[in-house]
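Colleague: Since chain S is already given, all that's left is putting chain R on it; use the hints.
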Amino acid sequence: MQIFDIFLLEAVLNGILFGGVLALLALGLNLIFGVIDVVWICYAELMMLGMYCVFFLHKVHGLPLVAAFGAAVVLVAFLGVLLHVLVIRPVLNSEPINQLLVTGGVLTFLQAAATLAFGIDFRNLGVSMPSLAVGEISLPWSRISAALTALVAMTALYVFLKKTYLGTAIRAISQDRAIMPLMGVSPSRIYLLTSAIGGALAGLGACLLVLQYDVHPAIGLTFGPLTFMVCVLGGLGNMLGGFIAAFIFAQLIAVGGFYFHLEWGYVMAFGFFIIMMFARPQGILGAK
Amino acid sequence: MLELSRVSAGYGSFQALFDVSLEVRAGEAVAVIGPNGAGKTTLLRAISKLIEVSAGEIRMEGRSLGDVPAHRIIDLGLSQVPEHRRLFPRLTVEENLRMGAYTAAARPKFAQRLEMVYALFPRMKERRHQMAGTMSGGEQQMCAIGRALMSGPKLLLLDEPSAGLAPVIVQSIFDLVRKIREEGYTVMIVEQNVRQVLKVVDRAYLLEVGRIKLAGSAAELLASAEIQKAYVGL
Numbered sequence: 001m002q003i004f005d006i007f008l009l010e011a012v013l014n015g016i017l018f019g020g021v022l023a024l025l026a027l028g029l030n031l032i033f034g035v036i037d038v039v040w041i042c043y044a045e046l047m048m049l050g051m052y053c054v055f056f057l058h059k060v061h062g063l064p065l066v067a068a069f070g071a072a073v074v075l076v077a078f079l080g081v082l083l084h085v086l087v088i089r090p091v092l093n094s095e096p097i098n099q100l101l102v103t104g105g106v107l108t109f110l111q112a113a114a115t116l117a118f119g120i121d122f123r124n125l126g127v128s129m130p131s132l133a134v135g136e137i138s139l140p141w142s143r144i145s146a147a148l149t150a151l152v153a154m155t156a157l158y159v160f161l162k163k164t165y166l167g168t169a170i171r172a173i174s175q176d177r178a179i180m181p182l183m184g185v186s187p188s189r190i191y192l193l194t195s196a197i198g199g200a201l202a203g204l205g206a207c208l209l210v211l212q213y214d215v216h217p218a219i220g221l222t223f224g225p226l227t228f229m230v231c232v233l234g235g236l237g238n239m240l241g242g243f244i245a246a247f248i249f250a251q252l253i254a255v256g257g258f259y260f261h262l263e264w265g266y267v268m269a270f271g272f273f274i275i276m277m278f279a280r281p282q283g284i285l286g287a288k
Numbered sequence: 001m002l003e004l005s006r007v008s009a010g011y012g013s014f015q016a017l018f019d020v021s022l023e024v025r026a027g028e029a030v031a032v033i034g035p036n037g038a039g040k041t042t043l044l045r046a047i048s049k050l051i052e053v054s055a056g057e058i059r060m061e062g063r064s065l066g067d068v069p070a071h072r073i074i075d076l077g078l079s080q081v082p083e084h085r086r087l088f089p090r091l092t093v094e095e096n097l098r099m100g101a102y103t104a105a106a107r108p109k110f111a112q113r114l115e116m117v118y119a120l121f122p123r124m125k126e127r128r129h130q131m132a133g134t135m136s137g138g139e140q141q142m143c144a145i146g147r148a149l150m151s152g153p154k155l156l157l158l159d160e161p162s163a164g165l166a167p168v169i170v171q172s173i174f175d176l177v178r179k180i181r182e183e184g185y186t187v188m189i190v191e192q193n194v195r196q197v198l199k200v201v202d203r204a205y206l207l208e209v210g211r212i213k214l215a216g217s218a219a220e221l222l223a224s225a226e227i228q229k230a231y232v233g234l
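Residue numbers (my numbering), protein chains in the order written: chain S, 1 to 288; chain R, 1 to 234.
Don't read these hints as lab results, they were simulated from the structure. All values reported here derive from a predicted model rather than from experimental measurement. Incorrect hints may appear among the rest.
As the list claims (entries may be wrong) - Ranges between beta-carbon positions, derived for each pair:
id : chain 1 : residue 1 : chain 2 : residue 2 : range
1  : S       : 263       : R       : 137       : 53 to 59 angstroms
2  : R       : 89        : S       : 267       : 36 to 42 angstroms
3  : S       : 6         : R       : 134       : 44 to 50 angstroms
4  : R       : 134       : S       : 275       : 31 to 37 angstroms
What the hints assert, rightly or not - Some, not all, of what chain S presents toward chain R, calculated at C-beta under 8 angstroms:
id : residue
5  : 168
6  : 175
7  : 183
8  : 186
Ideal Cβ positions, reconstructed from N, Cα and C, are used throughout, including at glycine.
Here chain S stands alone, though its shape is the one from the complex (with noise of 0.2 angstroms):
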């Protein structure tokens, strides 16, 4: 075998463009746990209804991408508000064990109302875009792009987290809620404003996936555990660690399957996660 593989190289870049995208989904559901210390088991099945959005409403009704983008993210916002005050809010200061099987329970009914709306056909965007094709090493635009973009909206939300008041108040919420009120905060609207973020995270999501991958109502099984692990290997609510382990993780599949076989890529990802489970079950950057 040569020493520098030109496919390796490939396997590589694509691994980081996976990273980025695999990262913005870690991000949502890292955000919301880390703020109202709820995990959205559901967050993936918002991710797929945000999916359908883009391809009706390009693909039936004409409209254009951009525009198609853009409902999408309102949707899942205005979805990740409604799963706040219909689901969340009520089982607020439950047991953690109840709040995961409400929004697992969410779940299986998002899945199954998908699937006797849309039926189980798999469906594509149909949006082809050319690749980027330097030497012999050749990268999809739609990779690309979704890795910029989740870039960019990683980029804006730490500005906004870190340079704004309400920001501010997101990151102080999840260290002291008893005293926001004393800051002149309702912690009620926070909690809201967080979701709607969570949820705008999950439709960009959408964007990002609904470019590469076909539409069907389980797609959500596929990175939901996916980006869940990414999260709990990161630290859960740590969005530092998140988007670093969403980083390996996508390096291990890329490269792993570019060894053995693309099955074999996620066999190691996973295998990889239980051992770090054991090595370090506060995630990479979680506190003990």
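Modeller: For chain R alone, coordinates are given in the frame of chain S:
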């Protein structure tokens, strides 16, 4: 400025305050003293609407707080430094101060008040990029007081500012309170450290088992046999 008339409050079926009436006038410093568990913190929590009163009325500049939601109390000019400081440990000093200026009225004055707080506590300026949770107890108390001043309050409520601090630091905390008085703030302070607090306030109330037992000027209370025996001791 602040008026409590026959206020009762508690947690669930447990009543912690019984018929408490007191008053803080503009420009004054008033202390509420009493032993642990007397209801002092409950009193401040009721004023800030962190708990609802079950009977009686609280008024700020004549306006009843009855229908004001908890997060709007600060808009009336009431700012509280909570017990144990309660800084946001993983925010920097400056971010904690920014949270103190969260209200719409306070935001335009953020830069100006930040300078004011830094002038009052130069140590906070040195530490402005440090995580608040990594500072010493005394420094955290400065930051907590600074945070409460960022909203430009008319009345500053201090809950046990000396609690949990080393004896050497306690003295400097009371010096801080004196300094804040000199800045012209009206102050209401809840304390167990009776002897020290009576040196920095004008008047005081003695709270015992949820009821006001004594009221008077700081000098009167300091001289009273009851306070001498039970609290100043030695």
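Colleague: Confirm or reject each hint.
Modeller: Okay, the hints, checked on the actual structure:
no. : hint                              : in the structure
1   : S/263 / R/137: 53 to 59 angstroms : holds (56 angstroms)
2   : R/89 / S/267: 36 to 42 angstroms  : holds (40 angstroms)
3   : S/6 / R/134: 44 to 50 angstroms   : holds (48 angstroms)
4   : R/134 / S/275: 31 to 37 angstroms : holds (33 angstroms)
5   : 168                               : holds (5 angstroms)
6   : 175                               : holds (5 angstroms)
7   : 183                               : holds (5 angstroms)
8   : 186                               : holds (4 angstroms)
In this structure, every one of the numbered hints holds.
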